[in-house]
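> Generate the whole structure from the sequences, applying the supplied hints.
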Amino acid sequence: MSSPAFVYDAGMLIALERGDRPAGLLHRVLTEQGHPPIVPLPVLAQAWRPGRWTPLTRAVPQCVVFGVHASAPPSCGVCQSGHLVDDAKRAGRLLACAAIPSEKRPDAVDALAVVIAARHPEAVIVTSDPRDITAYRDALPGAAQSIRVLDVADLAAFLAGKRVLR
1 MSSPAFVYDA
11 GMLIALERGD
21 RPAGLLHRVL
31 TEQGHPPIVP
41 LPVLAQAWRP
51 GRWTPLTRAV
61 PQCVVFGVHA
71 SAPPSCGVCQ
81 SGHLVDDAKR
91 AGRLLACAAI
101 PSEKRPDAVD
111 ALAVVIAARH
121 PEAVIVTSDP
131 RDITAYRDAL
141 PGAAQSIRVL
151 DVADLAAFLA
161 GKRVLR
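Position 11 (the sequence shown) corresponds to 11 in the working numbering; numbering is contiguous.
Bear in mind the hints are in silico, worked out from the structure with no lab data behind them.
Accuracy of the hints is not assured; some may be wrong.
As the list claims (entries may be wrong) - FRET-style restraints, in silico, Cβ to Cβ: (1) Thr57 with Arg93: 32 to 40 Å; (2) Gly24 with Ala45: 16 to 24 Å; (3) Ser3 with Ser128: 19 to 27 Å; (4) Thr31 with Glu103: 29 to 37 Å; (5) His83 with Ser128: 19 to 27 Å; (6) Ala160 with Leu84: 31 to 39 Å; (7) Ser102 with Cys76: 30 to 38 Å; (8) Arg93 with Pro61: 26 to 34 Å; (9) Leu25 with Pro73: 15 to 23 Å.
Built from N, CA and C at the ideal position, the CB exists for glycine as well.
Structure follows, in structure tokens:
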């Protein structure tokens, strides 16, 4: 069995930007083995800020920016094919039916991250909004079996071998 693909949401990119040590360690481990971390193109738009050099300037080129063919590893057919029209339709259905927390608004970027993760045989979404991501995952038929959710706040525990995946 291959290792899961890790999909970053904006919360993980923000943690990297802030120099969060567990986030940096996880990123380093993921870029040294297996499938590079995946950053959906809209997630990059949420987190990227112009100007000076930042930790993201170094981290993002080490990732697969999903939807940018040139960054996809040749060994991953899902990343090579990029976005499909069906991805947007599936994300739209999730926006309509997911039981997101009542204080939140539907978020197309989060829904799309779940859809991208679901296209991989096994995935972990690293997020600062685990309740939202879990709601979208649980609304996508079959996704609860193949997608796990890792809270950015639990990265140190995860790296220490504790069972924190949802």
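> Can you let me know if the beta-carbon spacing of Gly24 and Ala45 is within 16 to 24 Å?
Since the Cβ atoms of Gly24 and Ala45 sit about 22 Å apart, the hinted range of 16 to 24 Å holds.
> Taking the beta carbons of Leu25 and Pro73, is their distance inside 15 to 23 Å?
holds (22 Å)
> That 29 to 37 Å hint for Thr31 and Glu103 (C-beta), does it hold up?
holds (35 Å)
> State, for the Cβ atoms of Arg93 and Pro61, whether the hinted interval 26 to 34 Å holds or is violated.
This hint holds: roughly 33 Å between Cβ atoms.
> Should the hint that Ser102 and Cys76 are 30 to 38 Å apart at their CB atoms be regarded as holding?
Given about 37 Å between the Cβ atoms, the range holds.
> For Ala160 and Leu84, compare the CB-CB distance with the range 31 to 39 Å and indicate the outcome.
Since Ala160 and Leu84 have Cβ atoms about 37 Å apart, the given range 31 to 39 Å holds.
> Is the hinted range of 19 to 27 Å satisfied by the C-beta distance from Ser3 to Ser128?
The hint (19 to 27 Å, Cβ to Cβ) holds, given that Ser3 and Ser128 are roughly 23 Å apart.
> Note whether the CB distance of Thr57 and Arg93 lies within 32 to 40 Å or breaks it.
Holds: the Cβ-Cβ distance is about 36 Å, inside 32 to 40 Å.
> Does 19 to 27 Å hold as the CB distance between His83 and Ser128, or does it fail?
Holds: the Cβ-Cβ distance is about 24 Å, inside 19 to 27 Å.
When each numbered hint is compared with the structure, no violation occurs for any of them.
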